[in-house]
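Taken in sequence, the protein lines are chains A and B. Residue numbering for the first sequence follows the working numbering, starting at 1 and increasing by one per position. Residue numbering for the second sequence follows the working numbering, starting at 1 and increasing by one per position.
The hints are simulated quantities; they were obtained by calculation from the structure and are not laboratory data. The beta carbon of each residue, even a glycine, is placed where N, CA and C say it ideally should be. Treat the hints with caution; some may be incorrect.
[What the hints assert, rightly or not] Computed list of lysine to aspartate or glutamate pairs in EDC-like fashion (alpha-carbon distance at most 16 angstroms, straight line): (1) B:Lys78 to B:Glu98; (2) A:Lys61 to A:Glu15; (3) A:Lys104 to B:Asp57; (4) A:Lys68 to A:Glu15; (5) A:Lys49 to B:Glu98; (6) A:Lys49 to A:Glu64.
[As the list claims (entries may be wrong)] Across the chosen pairs, the derived CB separations fall in these ranges: (7) A:Ile9 to B:Pro84: 22 to 28 angstroms; (8) A:Ser84 to B:Arg9: 41 to 47 angstroms; (9) B:His29 to A:Leu109: 43 to 49 angstroms; (10) A:Ser84 to B:Pro8: 24 to 30 angstroms; (11) A:Gln42 to B:Thr20: 34 to 40 angstroms; (12) A:Ser52 to B:Gln17: 31 to 37 angstroms.
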Amino acid sequence: AQSVTQPDIHITVSEGASLELRCNYSYGATPYLFWYVQSPGQGLQLLLKYFSGDTLVQGIKGFEAEFKRSQSSFNLRKPSVHWSDAAEYFCAVGSGYSTLTFGKGTMLLVSP
Amino acid sequence: DARVTQTPRHKVTEMGQEVTMRCQPILGHNTVFWYRQTMMQGLELLAYFRNRAPLDDSGMPKDRFSAEMPDATLATLKIQPSEPRDSAVYFCASGSPEAFFGQGTRLTVV
Numbered sequence: 001a002q003s004v005t006q007p008d009i010h011i012t013v014s015e016g017a018s019l020e021l022r023c024n025y026s027y028g029a030t031p032y033l034f035w036y037v038q039s040p041g042q043g044l045q046l047l048l049k050y051f052s053g054d055t056l057v058q059g060i061k062g063f064e065a066e067f068k069r070s071q072s073s074f075n076l077r078k079p080s081v082h083w084s085d086a087a088e089y090f091c092a093v094g095s096g097y098s099t100l101t102f103g104k105g106t107m108l109l110v111s112p
Numbered sequence: 001d002a003r004v005t006q007t008p009r010h011k012v013t014e015m016g017q018e019v020t021m022r023c024q025p026i027l028g029h030n031t032v033f034w035y036r037q038t039m040m041q042g043l044e045l046l047a048y049f050r051n052r053a054p055l056d057d058s059g060m061p062k063d064r065f066s067a068e069m070p071d072a073t074l075a076t077l078k079i080q081p082s083e084p085r086d087s088a089v090y091f092c093a094s095g096s097p098e099a100f101f102g103q104g105t106r107l108t109v110v
């Protein structure tokens with residue numbers, strides 16, 4: 001069975017500092033991997049996705065993520081966090097023929 | 001700007017009443033999902049459809065929940081009778097492998 005672990009429930013980062021959100025997955029085949037962001041009262045917005053090829057993928061809003069097969073990880077990064085990045089972030093795994101399995105989410109707080 | 005549209009955005013209802021939530025998926029998407037989000041359980045998959053056929057509704061309480069796609073432009077999720085424990089945000093999403101989410105319906109059952 002596929003699963004996603006986001007080990008950090010909350011993370012606080014100072015504005016302007018770098019960010020890394022962790023995601024580990026369990027999947028029987030080559031996974032498709034995703035990061036979504038959810039602002040309060042909103043739906044989930046797709047930040048970026050990995051299907052194959054280059055293991056470093058770029059997304060919207062200056063985010064990037066790196067797929068590391070050996071570590072079963074797909075960590076999300078941003079070099080400089082803005083106050084507007086405060087939100088909840090979800091990692092998800094799936095394939096073209098299965099549903100997405102989501103992690104429990106990481107709440108990002110940005111301090112001045 | 002293609003998007004998934006959900007109605008209503010908010011619904012407050014009394015226990016025992018029927019609730020119907022509607023979703024218009026992105027035109028051309030043949031895969032539609034219903035998710036429920038709560039603080040305790042996070043995001044749970046309730047049901048999903050491909051080409052309007054239900055493929056998996058194992059996440060849905062069968063005795064009170066039902067999901068249908070009357071046509072390619074409309075998906076519905078119905079709860080009858082509703083209970084306070086159904087209070088949650090219900091999301092519709094369309095597309096595969098990446099899913100695009102609607103804004104959700106916040107349901108409160110009192």
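Here is what the structure says about each hint:
no.	hint	result
1	B:Lys78 to B:Glu98	violated (25 angstroms)
2	A:Lys61 to A:Glu15	holds (15 angstroms)
3	A:Lys104 to B:Asp57	violated (21 angstroms)
4	A:Lys68 to A:Glu15	violated (27 angstroms)
5	A:Lys49 to B:Glu98	holds (8 angstroms)
6	A:Lys49 to A:Glu64	holds (9 angstroms)
7	A:Ile9 to B:Pro84: 22 to 28 angstroms	holds (26 angstroms)
8	A:Ser84 to B:Arg9: 41 to 47 angstroms	violated (22 angstroms)
9	B:His29 to A:Leu109: 43 to 49 angstroms	violated (34 angstroms)
10	A:Ser84 to B:Pro8: 24 to 30 angstroms	holds (28 angstroms)
11	A:Gln42 to B:Thr20: 34 to 40 angstroms	violated (22 angstroms)
12	A:Ser52 to B:Gln17: 31 to 37 angstroms	violated (48 angstroms)
Of the hints listed earlier, those the structure fails to meet are numbers 1, 3, 4, 8, 9, 11 and 12, in rising order.
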